[in-house]
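**Student:** Following the hints, complete the assembly by docking chain B onto the known chain A.
Chain residues, written in single-letter form:
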Amino acid sequence: MAGYILQRLGQALAVIFVMSLLVFAGVYAIGDPMAIMIPPEATQADAARLAASLGLDQPLWRQYLVFLQQAASGNLGVSFAFQVPAVTLILERLPATLELAVAATLIALVFGIPLGLLAGLKPRSFVGRAIMAGSILGFSLPTFWVGLLFIMVFSVQLGWLPASGRGATVELLGIPLSFLTLEGLQHMLMPALNLALFKLALVTRLTRAGAREALSLDYVRFARAKGLTEARVIGVHVLRNILIPVVTVVGLEFGSLVAFAVVTETIFAWPGMGKLLIDSINALDRPVIVAYLCVTVLVFVLINLAVDLAYAVLDPRVRLGAQ
Amino acid sequence: MIPLKIRWFACAAALAANTVLAADLRIGMAADITSMDPHAVNITPNNNIGWHVFDALVHVDADARIAPGLAQSWRAVDDTTWEFRLRRNLRFHDGSPVTAEDVLFSLERAEKLPNGQYASFVQRLTEKRAPDPYTLRFKTATPYAMVPYDLNSIFIVSKKAASNASPEDFNSGKAMIGTGPFRFTRFARGDRVELAKNPAYWGGAPVWDRVTFRIIPNDPARIAALLAGDVDAIEAIPTPDLARIRGDKRFRLAQKVSWRTIFFHADQYRDASPFVSDRAGKPLPKNPLRDVNVRLAISKSINRQAIVERVMEKAAIPASNLVSPPVFGHVASIKPEAYDPEGAKQLLARAGYPDGFALTLHAPNNRYVNDDQIAQAVAQMLSRVGIATRVETMPINVYLPKARNGDFSFAMLGWGSFSGDLALRALLAAPDAGKGYGAWNWSRYANAALDKMLDQGFATVDEKKREAMAREAAAVALKDQAVVPLHHQIAIWAMKANINYVARTDEYTFAHHMK
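These protein sequence lines map, in sequence, to chains A and B. Mapping to our numbering: the first sequence position 258 is 258, numbers consecutive. Mapping to our numbering: the second sequence position 371 is 371, numbers consecutive.
Next up, chain A with everything else stripped away, as it sits in the complex (with noise of 0.2 Å):
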């Protein structure tokens, strides 16, 4: 098992490695950053000095060395635009997304499964079609639209809602949280639930097409033969079952969730890690688009880690490491 999870990190690295090379070659394609970050008064002597500071006046491949040597040593480079670490910027925007990241895949688990399972037992019925109805809306509708639309109804014409922000947070173990007060979560239901959306359409239909495949299969019309209470074949056989396919995809897009929630978090200002990313893409910020994306292989390289791990507890067949 060690072994298994030291080889699993072993490629990560080498992925960040190639990752950070194409994205030092690509923000460089762009163009200079010097031309973004010097102010309109800076006459040719400030730019070049503010070049030569941040040794962006050197050629690209010892630009790329300096990266490397520093990155060694645990320092990712500090970003043009906020004059901090790159790691400590994205470190504080981690919890902000993480916790919408979560509660979006909570919604979508909590809600989809249930209604995916309603549906797949009862296809034909107006529930089963009126919820596989709703899912192709979830699936559909862009997510910057419904997050606008639930911004002009919940908080501009019905007020109940805060339009956008985090509002206060509280610390816990260090990291400020929203969901533990009031205020927090009334700042988070609209973010977490239009991200949850497209998740819960996701789930949804999983949930149904692995109950209608398993319903019709042997053990369950074994278990149900053996005289089993419907609430326990479906609880627990069905469901088991099921869950292995509900399992990758969900902890693959929890993944892209956390990465790639921009339109979310800036529709809804929310301080997450979404927005830095296009904030440093726009400012041609390169030490925190590299460490960035360095972050976020890490993240799914670790959560596909953790969906195996869960495919073994889940499925007593598959045996991780061996061949």
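In case anyone wonders, no lab produced these hints; they're calculated from the structure. Don't take each hint at face value.
A few chain A residues that face chain B, going by a derived Cβ cut-off under 10 Å, partial list only [stated by the list, open to error]: (1) Ala42; (2) Thr266; (3) Leu276; (4) Ala283.
A few chain A residues facing chain B, derived, Cβ under 10 Å [claimed, not checked]: (5) Ile30; (6) Met37; (7) Ala47; (8) Ser79; (9) Ala96; (10) Met152; (11) Thr169; (12) Asp279.
The structure presented is a predicted model; accordingly, all values stated were derived computationally and were not measured. Glycine included, every Cβ here is placed at the ideal spot set by N, Cα and C.
**Tutor:** Showing chain B alone in chain A's frame:
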């Protein structure tokens, strides 16, 4: 003159509001605030916070004219010596007195801070001394009139609090000790800045006990925050929402002609410009944009009034100058070029292009108000007089590096400056790294007469004389059609109907000017 009775009533009401209710103000800001360190990153949103917590020796008033700040007066002792006299009894937020030592320390810090972007405002001072605690004497190598202007950009920090302070010490609040109308409370990066009233402010205590600047760069989200009552005021109203706010009795608008001018640069240095050709796409024997008649034809073919009314929804005024009407050095006698497509065609014919030519207009699409739509409109107008114009727009992070690199032939730029000669220095003086001239002169317009006038102007410490010279220099450049001015933006704030704001030409959003 306000009747005495009403004034009494207003005072009483203000007092009551101050004593009974804790007055909170929440403002939605359009751009991210990246650092609290007043000497680190020189961008408007950071300076906006700086002006609340700190102060500079020299202020700028609502019309973008310089005014006394921490220095109550200044004068040029001789051509290369300046004397600034500090106000008496100034105190920092921690109660310690403000002395010339703090000023010297701040200048030093701005000049030396690693990666600091304010050094250029100090570098021309070759000698800085404090003969007594309330007097500062600065020397410059050559006569230099812009010392008070430069010092407007240097915030004065407390030597005691900011010695050896890093930008992070300012972000955390440890070193955020200033003399401004508000004390620093909290900075949550990417989210908000919280401030509290400084009751001892030398310019009069502000009416708000607490002020929160919320960072909401997304336009619909910012408008929604105002409509939903999450914030009390917002800056930078998108033009499509103007009509809606105007028609809503709960809100009011404050507006003023901004210092930001939108104009076009035309390549004036290459014989073969990369995006100019004949109408069939073949290269032209020479670059038509170098001909003043062609540039004048372009100017005449643009219907500025139509752009201001249709594209900008009247949130702009047609421009004839590089700086807008309230700003130092604006030449009122030069009027915006009248829309004259026939005249433009004649000029083109006279210049040897009776059939016109082809051009690509480059513009950013996320920088200036409605920039991509303006580019489309201008391209259609140019096409109508025979200059077949294609439009290419791109995000500012792609656009600026290319523009700076000289990759375009005809390109849009927006510029805000609090004096006409400073704008000329950056945009139209012949590039000269030694003098710091023409750092943004992408068209490489070069006119020795203009450069000489600027040299003389910057060496003239008498403001009246200097303004006359700045106007003269501007007239020279404009006569050459060195740039094609389009319009001056109007800066617009929206707020609850019970709040008043003294709108500012420099686009700053000041809580202490909201009442």
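**Student:** Please go over all the hints and tell whether each is borne out by the structure.
**Tutor:** Verification of the hints:
1. Ala42: Holds, because the Cβ-Cβ distance from A/Ala42 to chain B comes to roughly 6 Å (cut-off 10 Å).
2. Thr266: Hint holds; A/Thr266 Cβ to chain B Cβ min 5 Å, cut 10 Å.
3. Leu276: holds, 7 Å
4. Ala283: holds, 7 Å
5. Ile30: holds, 6 Å
6. Met37: Because about 8 Å separates A/Met37 from the closest Cβ in chain B, which is inside the 10 Å limit, the hint holds.
7. Ala47: holds, 7 Å
8. Ser79: This hint holds: A/Ser79 lies near chain B, its Cβ roughly 8 Å from the closest one there, short of 10 Å.
9. Ala96: holds, 8 Å
10. Met152: holds, 7 Å
11. Thr169: holds, 9 Å
12. Asp279: holds, 6 Å
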